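There are 2 protein chains.
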Amino acid sequence: MKFQVLSKDGGGNARTGRIETARGTIDTPIFMPVGTAGSVKGISPDELEGLGAQIILGNTYHLCLRPGDERVARLGGLHKFMGWERPILTDSGGFQVFSLARINKIEEEGVRFQSHIDGSHRLLSPETAVGIQRNLGSDIMMSFDECTSYPVTYEYAAESVKRTIRWAKRSKEAAKGSDQALFGIVQGSVFPDLRQMCLEALVQIGFDGYAIGSLSVGESKEQMMEVMNRLAPLLPENAPRYVMGVGTPEDLVEGVRAGVDMFDCVMPTRNARNGSLFTWQGTLNIKNSAYAEDPSPIDPECGCYTCRRFSRAYLRHLYICRELLSYRLNTLHNLYFYLELMGRMREAIAAGNFELWREGFYKRMKSME
Amino acid sequence: MKFQVLSKDGGGNARTGRIETARGTIDTPIFMPVGTAGSVKGISPDELEGLGAQIILGNTYHLCLRPGDERVARLGGLHKFMGWERPILTDSGGFQVFSLARINKIEEEGVRFQSHIDGSHRLLSPETAVGIQRNLGSDIMMSFDECTSYPVTYEYAAESVKRTIRWAKRSKEAAKGSDQALFGIVQGSVFPDLRQMCLEALVQIGFDGYAIGSLSVGESKEQMMEVMNRLAPLLPENAPRYVMGVGTPEDLVEGVRAGVDMFDCVMPTRNARNGSLFTWQGTLNIKNSAYAEDPSPIDPECGCYTCRRFSRAYLRHLYICRELLSYRLNTLHNLYFYLELMGRMREAIAAGNFELWREGFYKRMKSME
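Residue numbers (my numbering), protein chains in the order written: chain A, 418 to 786; chain B, 418 to 786.
Watch out, some of these pointers could steer you wrong.
Since the list can't tell identical chains apart, any single copy or any two copies may satisfy a pair.
Subject to a maximum C-alpha distance of 20 Å in a straight line, what follows is the list of computed DMTMM-like cross-link-like pairs (lysine to aspartate or glutamate) [what the hints assert, rightly or not]:
no., residue 1, residue 2
1, Lys419, Glu654
2, Lys419, Glu525
3, Lys497, Glu710
4, Lys586, Asp625
5, Lys704, Asp535
6, Lys497, Asp711
7, Lys579, Asp463
8, Lys704, Asp444
9, Lys497, Glu464
10, Lys586, Glu544
11, Lys419, Glu544
12, Lys522, Glu590
13, Lys522, Glu502
14, Lys638, Asp444
The set of hints was computed from the structure by calculation and includes no laboratory data. Just so we're clear, the structure is a prediction, and the values are computed from it rather than from any experiment.
Sequences and hints are given; from them, build the entire structure.
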């Protein structure tokens, strides 16, 4: 994997870049649609390509439980399994094991947990997490980490971050000989010195990219922004910077402004399934009765398949009836919006007017309801 | 609407034909995918076109409840509402009102029922059923009928069939001035003389096409085949013949052999959502663990998107995980199979070797499990 910064916004930290992988080029800043269990819910690989998705995310935790990473390996890897030929980033499983599974014990070895699917006893450790990701054959792997919840005491966070650093070393060891890239994850909750310590230790170990973890886990928006704004510019200049699990369109704009290159979040896909749709004028909830006979598209400014072909009235009807097509058309729209948002930011940065673009974005982006 | 018989199979009743409507041509025999509430579940209009669907069915009962036929009319009709430009046939609401709603009273005026959605009190009558279909703007409307369940006494069936004839007259009256075609529905359960009486009365009234109703409602396969085989050839030669709500691939083959031109059924779409998939060698259930690591497509002989791109192993995984993409990919496959089946029958009839084709079909079509 190669990474190159292509342009930087005048006074700020925002930047465009290019990640080159054996499976294709990724223009940064980029948003990665989440394909939890080997599919971006309701969307075909061809549609993802049509949306301009350059990289998607697969969840190590989900895939190791179902269908099982060894099975995926026997079937030729995740790309072949799900019919997606462009790059895939797999997460470490750290976030899901702490949010979905029943944790039995966090020990030096790793995390002992019970599957939320069948209750089976499992161990997720630097070695197993990287082993799973090697079986999946992703283009970018994440080192195994502890994702701390919020709030957390300074004492616990300090213990945890030291363990995450030791796990990062072991993750790197476990990745030896693989041609898959490996990113490190900076932990440390909302404590600046812990984040700083973790970052320095990870740089010392050396990774292909650096991520900020444990954001959007319960802390306030201000705290999240503070961590992102302080930490992102400190991540190595010559490697991709990735903020995990974030966030709203506004979060992405602020992340890009802070110098972040990569994002993933279930928000566009999950919100779509709940009828919450993003537009350049703010969000709208399609179940609102105001749209019952509205012949206009979700967003007149949007060029997605859903907006080109269907009215708010029809989409509201599909949503009210819980029709399968509802989830799909809404998801197509929201993903298009997120990917288009990233494209517009890349353009603005390259043109050297990101700050101006950002001001305009906020002026128009106000809630429609 | 114009209908023309193009070719007939040598000794039998099977025939090919062409229905011409303002919205396009329909090659018969044809299968109509069911778009219950304004969408074929999970499938976009473009995909339907890609599958070669020439006409789809919309349900009067569902659409009058949600979003409401007057609303659809204000939004420009069902075609515009759902983004489907080819022909649509709407049913009479008769079958659904008897199978889904709480019937309060069947009277001469019509059927008083309570909506299964919100419990509201409604009347479905020849005038309201046709009025709804006029609001929806379908290309082919069905006259309002009573769909008798099975078993039913001769006495009740006789009363019912006479009422259905009176309703058919009123339906025709209600359709006056419309450029939408109107089909009559032959009722009479499993009683030959009642079916015959109904058929003659409907021909007397005069319709653009003739359907056989109340099949596949609980009677045995033999009884169904007997009604279909006896009745279909008696329906007017120069009008489309339509068997409603039928059936399995075998039922379609037998229907075509009896001289039927049109079919609709939820089987390909509903079965797909339950993981039951049709192949040229029989059906398979994708949840079977035998497919867990099977890299082959559902049917190596099939040219559908699902079979061209995805393995049984992946489709099984999606089904087990209840992924939205599962329902969609399975539905695409089953609809492709049904439409391909009709296409192969049209070819065989036109080539004059339908009986030979049918023998070959049955030889290969045996259950895989």
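Hint-by-hint comparison with the structure:
1. Lys419 - Glu654: within (13 Å within a copy, 71 Å between copies)
2. Lys419 - Glu525: neither (33 Å within a copy, 78 Å between copies)
3. Lys497 - Glu710: between (43 Å within a copy, 13 Å between copies)
4. Lys586 - Asp625: Within. Shortest intra-copy distance 13 Å satisfies the 20 Å Cα cut-off; inter-copy 77 Å does not.
5. Lys704 - Asp535: between (35 Å within a copy, 17 Å between copies)
6. Lys497 - Asp711: between (42 Å within a copy, 13 Å between copies)
7. Lys579 - Asp463: For Lys579 and Asp463, neither the intra-copy (43 Å) nor the inter-copy (54 Å) Cα distance is at most 20 Å.
8. Lys704 - Asp444: Close neither inside one copy (35 Å) nor across copies (39 Å); limit 20 Å.
9. Lys497 - Glu464: For Lys497 and Glu464, only the intra-copy Cα distance (16 Å) is at most 20 Å; the inter-copy one is 23 Å.
10. Lys586 - Glu544: within (10 Å within a copy, 77 Å between copies)
11. Lys419 - Glu544: neither (25 Å within a copy, 70 Å between copies)
12. Lys522 - Glu590: neither (23 Å within a copy, 76 Å between copies)
13. Lys522 - Glu502: neither (37 Å within a copy, 59 Å between copies)
14. Lys638 - Asp444: Neither way: Lys638 and Asp444 sit 27 Å apart in one copy and 60 Å across, limit 20 Å.
In this structure, the earlier hints numbered 2, 7, 8, 11, 12, 13 and 14 are contradicted, and the remaining ones agree with it.
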